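*Asks:* Go by the hints and put chains B, C, D, E and F onto chain A.
Chains as they are written, first to last, in numbering that gives the first Met the number 0: chain A, 0 to 182; chain B, 0 to 182; chain C, 0 to 182; chain D, 0 to 182; chain E, 0 to 182; chain F, 0 to 182.
I should point out that these hints are in silico values taken from the structure, not numbers from a laboratory. There could be a bad hint or two in this list.
Said to hold, decoys possible - Covered stretches of chain F (in silico footprint by chain A; criterion: 3 or more residues with CB under 8 Å from a CB of chain A, positions within the stretch not fixed):
| no. | stretch |
| --- | --- |
| 1 | 25-39 |
| 2 | 128-139 |
To be verified - The list that follows gives simulated cross-link-like pairs (lysine to aspartate or glutamate, EDC-like), each with its CA atoms no further than 20 Å apart:
| no. | chain 1 | residue 1 | chain 2 | residue 2 |
| --- | --- | --- | --- | --- |
| 3 | F | K16 | A | D19 |
| 4 | E | K155 | E | E175 |
| 5 | F | K104 | F | E84 |
| 6 | D | K107 | D | D95 |
| 7 | F | K180 | E | D170 |
| 8 | B | K180 | B | D170 |
| 9 | A | K180 | B | D170 |
| 10 | A | K13 | F | D95 |
| 11 | B | K16 | C | D161 |
| 12 | E | K13 | D | E96 |
| 13 | F | K104 | A | E96 |
| 14 | D | K13 | E | D95 |
| 15 | F | K180 | F | D170 |
| 16 | C | K180 | D | D170 |
| 17 | E | K16 | D | D170 |
| 18 | E | K13 | D | D95 |
| 19 | E | K180 | F | E84 |
| 20 | E | K104 | D | D95 |
| 21 | C | K172 | C | D161 |
| 22 | A | K16 | F | D170 |
| 23 | A | K46 | B | E96 |
| 24 | C | K46 | D | D97 |
| 25 | C | K155 | E | D19 |
| 26 | F | K107 | A | D19 |
| 27 | D | K46 | C | E96 |
| 28 | E | K46 | F | E84 |
Computed from a predicted model, the values in this text were never measured in an experiment. Every residue, glycine too, gets a C-beta built ideally from N, C-alpha and C.
Listed here are the chains, written in short residue letters.
Number of protein chains: 6
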Amino acid sequence: MVLFVNGKFCKNPKLAKADDFFASGLNIPGNTNNRLGISAIVADVNKIPGLNTQGLSLVRLDYAPLGENPPHTHPRATEILALAEGTLYVGFVSSDEDGNRLFAKLLKPGNVYVFPFGLLHFQFNPNRTAPAVAFSALSSQSGGTITIAKSVFGSKPAINPDVLTKAFHLDRKTVELLLLKNA
Amino acid sequence: MVLFVNGKFCKNPKLAKADDFFASGLNIPGNTNNRLGISAIVADVNKIPGLNTQGLSLVRLDYAPLGENPPHTHPRATEILALAEGTLYVGFVSSDEDGNRLFAKLLKPGNVYVFPFGLLHFQFNPNRTAPAVAFSALSSQSGGTITIAKSVFGSKPAINPDVLTKAFHLDRKTVELLLLKNA
Amino acid sequence: MVLFVNGKFCKNPKLAKADDFFASGLNIPGNTNNRLGISAIVADVNKIPGLNTQGLSLVRLDYAPLGENPPHTHPRATEILALAEGTLYVGFVSSDEDGNRLFAKLLKPGNVYVFPFGLLHFQFNPNRTAPAVAFSALSSQSGGTITIAKSVFGSKPAINPDVLTKAFHLDRKTVELLLLKNA
Amino acid sequence: MVLFVNGKFCKNPKLAKADDFFASGLNIPGNTNNRLGISAIVADVNKIPGLNTQGLSLVRLDYAPLGENPPHTHPRATEILALAEGTLYVGFVSSDEDGNRLFAKLLKPGNVYVFPFGLLHFQFNPNRTAPAVAFSALSSQSGGTITIAKSVFGSKPAINPDVLTKAFHLDRKTVELLLLKNA
Amino acid sequence: MVLFVNGKFCKNPKLAKADDFFASGLNIPGNTNNRLGISAIVADVNKIPGLNTQGLSLVRLDYAPLGENPPHTHPRATEILALAEGTLYVGFVSSDEDGNRLFAKLLKPGNVYVFPFGLLHFQFNPNRTAPAVAFSALSSQSGGTITIAKSVFGSKPAINPDVLTKAFHLDRKTVELLLLKNA
Amino acid sequence: MVLFVNGKFCKNPKLAKADDFFASGLNIPGNTNNRLGISAIVADVNKIPGLNTQGLSLVRLDYAPLGENPPHTHPRATEILALAEGTLYVGFVSSDEDGNRLFAKLLKPGNVYVFPFGLLHFQFNPNRTAPAVAFSALSSQSGGTITIAKSVFGSKPAINPDVLTKAFHLDRKTVELLLLKNA
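Chain A extracted, bound-state conformation:
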């Protein structure tokens, strides 16, 4: 029998020890040698059991030159990001009710930006030669990530192309290209 409480096992508190509240490795640059030029090193409840029920997690984000964290949402968290190195063009888009307004900003080291609960957002390193490094906190032990390109055009199995054709106001060929590229 497998049982999940908040998706995680609960430990007998009497058996908890310091290492249950500890993680390491956020000083080591992540591998950004991928198409998007992005790396996320996550310190959430999956790595730190003591975060269970504590509503918080941490992420180190590395961006290659021109690397990006593509448009995504966190279904269960607000995010606050602090830029440590480089420059970063960041933004979120408000909901349909607010007119899908873009709230964007070019960040320099020491700048902080908030991505409100559940809204679509992204980060992009506009520098052609220098990497960027940021640290983000999320208001959940495991906020989840919905990367739009993956969720819309890369789901398994794929969403019916007719749905996507109409949704994005495109011809069938372009949608098939999107599906192919993001599979």
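*Replies:* Quick look at chains B, C, D, E and F alone, frame taken from chain A:
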């Protein structure tokens, strides 16, 4: 001075009357004479003041033949939908952590489907001649809607095309097409 | 060993499938051939495992001519009701602190009414020949129902008649009648 | 303009003083010279402004010989009661889903009993000569009270007698008696 | 396998009985024959299984003459206290952001005082000959207690004395005395 | 009239702009030229209006050689800390119920540590020559800080010395010293 509590004014409870808990019009088909063939008639806190702090709202959804409610998320709500008339192909996609799996189903009248909190989902009427009608409840007085096509490709102002080109693994020309179509 | 999380087993998310988010049968009129002339077909977490932790459920309500959903409360939910067919006299009563005011309304198809969290409410079909049909959403995966007649006069075992005699300002004989009728 | 936050004004925290967290008078027996033989002296947010947002309140309950706190619910609170003097027959009834089971107990001084969130409950002093005194805490700054007799048979205006006749399985005359007695 | 839900086992609701909501003994003075002259008799979820998920617990506090409940916090609860007998000097201190202001009051029988969520507070019986008795409710099924003297100077193992020396602006010898006395 | 919602004014969402979600300066070392050798630069709702209702804030912590963030609690937040530079001895103490156990660890750059909700904790730079820098996230828009030395021995006005003498098991003279030093 304008003050917002949960985004809404609170009324002196002593002055509340029956009409503050009432709305009408969910029996009248919405106008689906638009590109997507979709209409949403919303009964939320903006129409029913008595819903303030009550965590609930209702929507009537009309779908033209081949009409659709395109991929979107609700940043602050779970949704449960009941199909009243027609057929409806519905689905949601789990988060990146779960492998972006598509949970889809073809609904017939009287069928009910759940779109879990914050996840990307859609509804599509696959019938070429008959409309469809559904009723949805959301677990928020005002759950918000993030239509992906609008939020990613139709924000005001537009997200930097370089960001979108990389995010969707596309050439610049296709992205410009997407931006143009969804503006 | 039997373990309950929010009163329900939690499933390993990796094993979830589309049918865990699905239910059927809300298009079929319920059987109202009972003393009250009422039927409730519930789509809650007991029928849809995927509703666990999602804070929402749905109900189809059928009313025979002169049928009613008698005065009751939901200890863990707000309710929003939409009338689909017929007419319905609905109401809720505010708490003692507000003077037990009745907020009532005669609903026609397409009308929507809210029963605020935890308050006593009812629905009654005043039509002598036509049935009525409504759909309700509740802000809980399992909001619970406390039907007053059953809870006060039909508990097992019965509440001490002395308590009820005094509470309702009645003679012993009438209370015994109430106990007998609602047992 | 009148504005309510959680139904109460919020004070500038800098202006708070000790008296905002203080109340007096719970040592003085309440007046039980009424039909039910009950008195409730409440220390909630209406008396103690500092309770705002703190989710807690306190009540002193005095019971005349054969006095009772009649069947009622608290729409927004759990209650825990400690008997200080006398004897008290207490009970709550589980919801319809659990079969409306009565959980009752005869309390002696120093006994504690819990009335779970939103469930119907009562207290009755079975002693013909001695009063009883209890103290209760509620898990809300203002939990609300729905006294069943008042809410069902004493609302203003009255609920349609047809509704009540059917709900309680009674003849019209008995319902009119109930309405008259509890008006 | 041992599993904890909110730190407690959940029982199959169908097996619940009246005794799961019951505790006794709050009428018996606790033993205050200790250095602080204090006794706390707790009625929380560890004693009353039915409190699980109900967000409430109760405590009887006995104070010897000059006895005290030393400065402490409850990490998960607000507290409301009613003085039953004697006199009690009570107080809480606001946070650093509010200037660590002391909100203190001398209570007489029947007086009520609130200790807001998470703030440091204490109670002291200033009477040299008479005991005092109070009852407190906490807004948690198990609010936890952090007695400052124990947590800072009596932890197991001890906090590095250098940390404490600097924190309290003291010489090493005084800190060692504090550690020794509170071990 | 001054009104506070969660202690902060709510802005009309339509008027929000990117700068409402932005702060700067977390790249600049804080001034640790004080007795404790500590600096905290806070990015919370007081600096970033867009954090209102978002349940999150960020802090940069600078520690001089042998500097420390003295024992304290956050009444409304969990904290997760990442060490950026130097070494840091960190720890928290569990509640009385768990035996006041110390969970301590010596952190190196890239290490992460969690301080659970409401528990007493501290950080100390044991290095005699090198500073340390850390970043912490808190699960509240404004978690509050209760520095124990200030709250117990530095409140305004002071807590009655008799209370402290007994609480810390000390002679009057030592308590007066503590009060003097921490005033």
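*Asks:* Checked against the structure, which of the hints given earlier come out wrong?
*Replies:* 3, 6, 11, 13, 17, 19, 20, 22, 28
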